Structures are given as structure tokens and as C-alpha cells.
Amino acid sequence: MQKHVEIAQEVYTDYDALWHLVTMGVLDSDHAPSSGTSAQTTKPIRVAMIDTSVAVDHPNLKDAINHDLSLDLFSNRLGAFSYHDPDDKLGAIDLNTATGVTAGLPRTAAILSEFIDRLSHGSRSWVDGVQPTVSPAFSSHGTAIAGLIGGRATVESEVYGASAVQPSQIPLPYRGVDPNCEIVPISTNFDIDPESLIVAFLYAELIDADVVVLPRTIPDPTRMYPELSQIKIDGKSLMELTSPEELTHEMSELWNELAELIINVSINRPVVCAGGNSNELYGIYPANLADDNNGIISVGSVNAKGYISSYSSHQNVTVFAPSDDAEAFSSAEVRLDEQRHSYSSVGVPPINSNRKFSHFDIISTDVPGVHGYSRSPFQGTVPDAGIREFGSYYCRFGGTSAASALVGGFLALGQSSGALCRESDGIAKKTWLLSKCVPLANEAPDRVIPSWTGSVAFADSRG
Numbered sequence: 010m011q012k013h014v015e016i017a018q019e020v021y022t023d024y025d026a027l028w029h030l031v032t033m034g035v036l037d038s039d040h041a042p043s044s045g046t047s048a049q050t051t052k053p054i055r056v057a058m059i060d061t062s063v064a065v066d067h068p069n070l071k072d073a074i075n076h077d078l079s080l081d082l083f084s085n086r087l088g089a090f091s092y093h094d095p096d097d098k099l100g101a102i103d104l105n106t107a108t109g110v111t112a113g114l115p116r117t118a119a120i121l122s123e124f125i126d127r128l129s130h131g132s133r134s135w136v137d138g139v140q141p142t143v144s145p146a147f148s149s150h151g152t153a154i155a156g157l158i159g160g161r162a163t164v165e166s167e168v169y170g171a172s173a174v175q176p177s178q179i180p181l182p183y184r185g186v187d188p189n190c191e192i193v194p195i196s197t198n199f200d201i202d203p204e205s206l207i208v209a210f211l212y213a214e215l216i217d218a219d220v221v222v223l224p225r226t227i228p229d230p231t232r233m234y235p236e237l238s239q240i241k242i243d244g245k246s247l248m249e250l251t252s253p254e255e256l257t258h259e260m261s262e263l264w265n266e267l268a269e270l271i272i273n274v275s276i277n278r279p280v281v282c283a284g285g286n287s288n289e290l291y292g293i294y295p296a297n298l299a300d301d302n303n304g305i306i307s308v309g310s311v312n313a314k315g316y317i318s319s320y321s322s323h324q325n326v327t328v329f330a331p332s333d334d335a336e337a338f339s340s341a342e343v344r345l346d347e348q349r350h351s352y353s354s355v356g357v358p359p360i361n362s363n364r365k366f367s368h369f370d371i372i373s374t375d376v377p378g379v380h381g382y383s384r385s386p387f388q389g390t391v392p393d394a395g396i397r398e399f400g401s402y403y404c405r406f407g408g409t410s411a412a413s414a415l416v417g418g419f420l421a422l423g424q425s426s427g428a429l430c431r432e433s434d435g436i437a438k439k440t441w442l443l444s445k446c447v448p449l450a451n452e453a454p455d456r457v458i459p460s461w462t463g464s465v466a467f468a469d470s471r472g
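Plus 9 on top of the position in the sequence shown (first one is 1) and you've got this note's numbering.
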């Protein structure tokens, strides 16, 4: 006769979808904005977001996105204006053409000259009628990043109830770190193409962005993993030998100039980069370019218990910011989710008793749809168009991408509130950010997290 054994599992408790803002002191525990965070600038702080496109019709984002300046570099090498009609003529764009970021970079200077001509008054918004690649189908990552940076609370949303035939208006109280900033999406492809990234950073410079957020890696075949570049075979680095395409002299020069350009841009305005999600030794590129002499900010992630996320880079990280976590089972660390339905303690060494794992995710804006990322178990009428339920506007998100978005929003908030002078250069803004950081109590003293109030309150208090 079989013996039935019941294993008691804890039930996941509800948690605050804006816990990351409470942790960083941007909101208090009642979701009221912390003292000193109200907007003091008449002109919105401009955040250039180099990533995928954004679902600009999302209720929490439609007022956050600068539709006129949004640029798509996926469809055209010199960009198409994402939300203009194809035959629209460009108006006069206020460009920061006095920039010196191309000094000593001849190929980049030539691209800049061509790009400025493309942006000239009267040019067509699209090039040769090629449609910008900014469909919501391509926009999940950028939509989540934009929500974390500058999402706005709204009541203009139509949601179908589980049994209702007619939509009803409900509030969407979600918000980003700085709901007063403006976001300029600069969408690029993910091919090995240094030129499109050069144009992206030049555009961030030309439109005089106050902050640049790059929540991704750049596939430079010689800089993605610096440790592989140190291994030489017949005069070539292992990185070059394993590159998916032959590195021509021209491409090599473009990659080198891109690296210099990113550093030069960061001197003028901070460049916030995701640090990497695979425990990279030096961080992913270009986060691994961060040092005391530039304005590049490498961001790692910390979970809701205050421990560095199991996947996050540890070394060469400027600051850490809230994000999700992941299980780990290796010789270096055992970090398991003891609430997972299939969890068993058999074979788990006692080291897991430290209970570092947190199941808390970051909640962010999602491409609106019937189901979103997580299909609801509730039954009801599915509309032919529109949104079925509240949750279809949001998704679970994480990684150092989410953390970098929060840091970019924090820098924007500093400038919106007047706590940080927007005319400061990239290094000064990076210095201000570090002055607003506090140590992570559960980690080494040099592991720090931005805090508006000078203290942090992590959401997952279970031991």
C-alpha cells in the first residue's frame, strides 16, 4: 500500500509592484513621493534610450515618449523617424553640433557629417519609403525599460472585465523613477554593426540628452570578453578567431572608434550600462569601460533581500540597483527557491540555509495585449480588440537591464528635482550619483545602491 506524503509549501505572498522605488527611497511605504523629488525644471530632462523600440500607445508611456525625436536605426543606416508619416518633411531640430566627441575619430567624423545632412530641415522622415521597424511586436524590452525610467500614472485605460462585454475605465497607478522626464527611444538592430551604434551615440549627443541608457551589450568581437582578448594564437586574439565574421581593417577601426566615442560621449553626459547577467568577470561591453575618468556607469543588480543577484556581475560595477534573482547551484554558491513547487531539500547542502534567494521580480510596462507575458487563469470574454484585463499592461522583468533603467531614471530624477545641475558633465553627474549611494548591508562595503533618502528598505523581509 502506497503511503501518501504531503509536503507543505509556503504560499507566495502578494508584494508591492513598486517595491523597487520604495527600496531606493523614491517613494515612501505609502507610495507618496519622497521629499525633494517634485519637478523643478520647466524643460523635461531628456533620457536617450538605446535599445529596442517602445510600445508608445501604452497608457503609462504615451506622455513619456518624445514622438518627434524617436529614431529607428534598424530600418535605415542613418535613421527613420519612428512616428512620422513617410512623406513628412523634418522641421528644424535643435542640434548640439558644437560637440567635440569625434576629435581624433576620422571615420566617425565622416559619419557625423553625413548624419547631420540627413537631419537637415526639409529632409524626409523616412528614407526611400522604408518603414521604421518599431512595431510593438519588436518592442517588449524597450517598453519595459521605458516604464522603469519614466512611466506615468494614468486613468485613461480600457479594460474588459472577466464577464463584462463593455470596457470600463480603470486607473493604472504605475510609475517610473522620474515620471517628469522625457524618453527618446533610439532603436537599433542587434547585428554586428558598429556604424549603427556610432550613429545612435552621435544622435544622443546631437539632441543633447541629459542621460543615456544602454540596457544591453554591444557585440564588439574584441571587447565583449576582455579576458579572451588576452589569449593570442598566431598573433590574433581568441576573441578575433572566434568572431562570427572576419574582422576587416575597416570594421576594426569602426569598432575602435565606437569605443572611443562612447567614452567621449560619457564625458559630456552619463552613459548608464547594464553590467551583465552571466557573472561576467569584468562586466559586459561597454559597461566594462567604466572607470573613474569617464562618465560610464556599470550597473549590477541586487535582489529584494539586499543580496547581489546570483547572475549579476560583481567586479567593475559602479552601482547596484534593485532587480530579480535566479537560482544557483554550483561550487561557488547554492541559492535555491525553497518555495518552488518542485523544491526538495534532498541533496541540498546546508549552505543554502542562508536563504539569499528572493522570488521578487521587477514589475514593468508590457506591450499591451490580450494576455501579455503571463496568461491569466481567469476565464471570461476575450475582446476582438483592446485589453482583457489589468495585468495585460504589465510584465515581470529583471536582470541588469532593469537595474540600469532604474539608475538612469534616478539620474533623471536628480536633474528634474534640481538636486543635480543638468548642465553638469557626465563625470560630475556620476560623482553625484555615487554621493547618493549607501552600502549594501549584506555585501562588502564597496557594493553600493542609490538611495534618495540615505537608507534602503528591501521588500523581501523573510529569513
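It cannot be assumed that every hint is accurate.
[Claimed, not checked] Each computed BS3-like pair below joins lysine-lysine, with the alpha-carbon atoms no more than 30 Å apart: (1) Lys-241 <-> Lys-314; (2) Lys-98 <-> Lys-52; (3) Lys-52 <-> Lys-71; (4) Lys-71 <-> Lys-98.
[Said to hold, decoys possible] So the derived label-pair ranges between C-beta atoms look like this: (5) Thr-51 <-> Ala-26: 50 to 58 Å; (6) Pro-448 <-> Asp-94: 24 to 32 Å; (7) Arg-349 <-> Ser-44: 34 to 42 Å; (8) Asp-66 <-> Thr-106: 31 to 39 Å; (9) Asp-94 <-> Leu-443: 40 to 48 Å; (10) Thr-108 <-> Gly-463: 29 to 37 Å; (11) Arg-405 <-> Ser-144: 18 to 26 Å; (12) Val-447 <-> His-350: 30 to 38 Å; (13) Asp-243 <-> Lys-98: 49 to 57 Å.
In short, the hints are calculated from the structure, not lab data.
On a predicted model such as this, the values are computed, not experimentally measured, just so you know.
Think of the CB as a built atom: it goes at the ideal place given N, C-alpha and C, for glycine as much as any other residue.
Evaluation of the provided hints:
Taking the CA atoms of Lys-241 and Lys-314, the gap is about 42 Å. The hint is violated against a cut of 30 Å. The straight-line distance between the Cα atoms of Lys-98 and Lys-52 is roughly 25 Å, inside the 30 Å bound, and the hint therefore holds. This hinted pair checks out: Lys-52 and Lys-71 have alpha carbons roughly 18 Å apart, not beyond 30 Å. Proposed proximity of Lys-71 and Lys-98 is supported: the alpha carbons are some 23 Å apart, at most 30 Å.
The hint said 50 to 58 Å for the Cβ distance between Thr-51 and Ala-26, and at roughly 31 Å that hint is violated. Taken as a hint, the range 24 to 32 Å is violated for the pair Pro-448 and Asp-94, whose Cβ atoms sit roughly 52 Å apart. For Arg-349 and Ser-44, the hinted distance range of 34 to 42 Å is satisfied, since their beta carbons lie about 40 Å from each other. Between Asp-66 and Thr-106 the beta carbon distance is about 33 Å. The supplied range of 31 to 39 Å therefore holds.
As the Cβ distance of Asp-94 to Leu-443 is approximately 45 Å, the hint placing it in 40 to 48 Å holds. In this structure the supplied range 29 to 37 Å holds for Thr-108 paired with Gly-463, their Cβ-Cβ distance being about 36 Å. A hinted range of 18 to 26 Å holds for the C-beta pair Arg-405 and Ser-144, which are about 22 Å apart. Range check, Val-447 to His-350: Cβ separation about 36 Å, and the 30 to 38 Å hint holds.
Between Asp-243 and Lys-98 the beta carbon distance is about 54 Å. The supplied range of 49 to 57 Å therefore holds.
When held up to the earlier numbered hints, the structure conflicts with 1, 5 and 6 and fits the remainder.
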